[in-house]
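Novice: Sequence:
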Amino acid sequence: MKPLNLLKMLPRTHPKASTVGFTIVELMVVVLIIGILSAIAAPGWNAFISRQRTRTVNDGVFRALRSAQSDAKLKKVRRTVQFRDVNINAEVNPSTDKPYNDPPRFIISTYDDDDPPSDTNPPNNAPLWKSLGANGEIKAGMVKLIVQECETKDADDNCTSYKGDTDNLIQFDYLGAVEISDPIQELPFAVSVSTADGGARRCVIVETLLGSMRTAEGEFDSATGTGCP
Numbered sequence: 010m011k012p013l014n015l016l017k018m019l020p021r022t023h024p025k026a027s028t029v030g031f032t033i034v035e036l037m038v039v040v041l042i043i044g045i046l047s048a049i050a051a052p053g054w055n056a057f058i059s060r061q062r063t064r065t066v067n068d069g070v071f072r073a074l075r076s077a078q079s080d081a082k083l084k085k086v087r088r089t090v091q092f093r094d095v096n097i098n099a100e101v102n103p104s105t106d107k108p109y110n111d112p113p114r115f116i117i118s119t120y121d122d123d124d125p126p127s128d129t130n131p132p133n134n135a136p137l138w139k140s141l142g143a144n145g146e147i148k149a150g151m152v153k154l155i156v157q158e159c160e161t162k163d164a165d166d167n168c169t170s171y172k173g174d175t176d177n178l179i180q181f182d183y184l185g186a187v188e189i190s191d192p193i194q195e196l197p198f199a200v201s202v203s204t205a206d207g208g209a210r211r212c213v214i215v216e217t218l219l220g221s222m223r224t225a226e227g228e229f230d231s232a233t234g235t236g237c238p
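As numbered in my numbering, residues 10 to 238 make up the sequence shown, in order.
To be clear, the hints were calculated from the coordinates, so they are not data collected in a lab. Positions of the beta carbon are idealized from the N, C-alpha and C atoms, including for glycine. Any given hint could be a false lead.
Claimed, not checked - With a straight-line cut-off of 27 Å between C-alpha atoms, the simulated BS3-like cross-links for lysine-lysine are:
no. : residue 1 : residue 2
1   : K172      : K162
2   : K139      : K84
3   : K139      : K172
4   : K85       : K107
5   : K107      : K148
6   : K139      : K82
7   : K85       : K139
What the hints assert, rightly or not - Per label pair, the in silico range of CB-to-CB distance:
no. : residue 1 : residue 2 : range
8   : D80       : L218      : 17 to 25 Å
9   : V101      : D230      : 36 to 44 Å
10  : S104      : I33       : 54 to 62 Å
Could you build the full structure based on these sequences and the hints that come with them?
Specialist: Right, dumping it as structure tokens:
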């Protein structure tokens, strides 16, 4: 018998068609897994976003203070930096029907020895006010800002407690040093930024008469002086 005929006698096999797609049960399992993973990841993601927001506003506070200090030294004038939050001043802008100071704002101005009130208490509609809202990234109600100064110190001159700063401002003289006599300013001076519920706290602290600054984060520890008031 010829080889060709032998090949013809062999049974022919046909590949089975593969099943394409998922069954309803498989799809439900996939959706369930995705839902579980999302539920696990969501709190961590929200916490990350909150930290980013407070970091962004805190960076803006630091830049404002540094800018005022540098400008005071460069131009040999006294510079005032004042901060406002909706918790400090809740006045509503009549043109928008929204609070002026949510997100928080700051203003840098020249301190006039002849007329201090015009510089230390500017109206909310003054054109020099600038938002700490990062060009719209920070929305109303997302962050809270408080301004404080040292109230008590220990034997080593470390601040152990803070109180609200009456004017919510700090001044730098023509040398870039902190003006502590007019109005009276206690040091350290701290501007703290947190989420609306007081979490994810960050701050900028002006520590010395020469105007040295540092940033910190977390809750204030009166025993060590670390963290944010």
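Novice: All hints are to be evaluated individually against the structure, with a verdict given for each.
Specialist: Okay, the hints, checked on the actual structure:
no., hint, in the structure
1, K172 with K162, "holds, 12 Å"
2, K139 with K84, "holds, 21 Å"
3, K139 with K172, "holds, 25 Å"
4, K85 with K107, "violated, 38 Å"
5, K107 with K148, "holds, 12 Å"
6, K139 with K82, "holds, 22 Å"
7, K85 with K139, "holds, 23 Å"
8, D80 with L218: 17 to 25 Å, "holds, 19 Å"
9, V101 with D230: 36 to 44 Å, "holds, 37 Å"
10, S104 with I33: 54 to 62 Å, "holds, 56 Å"
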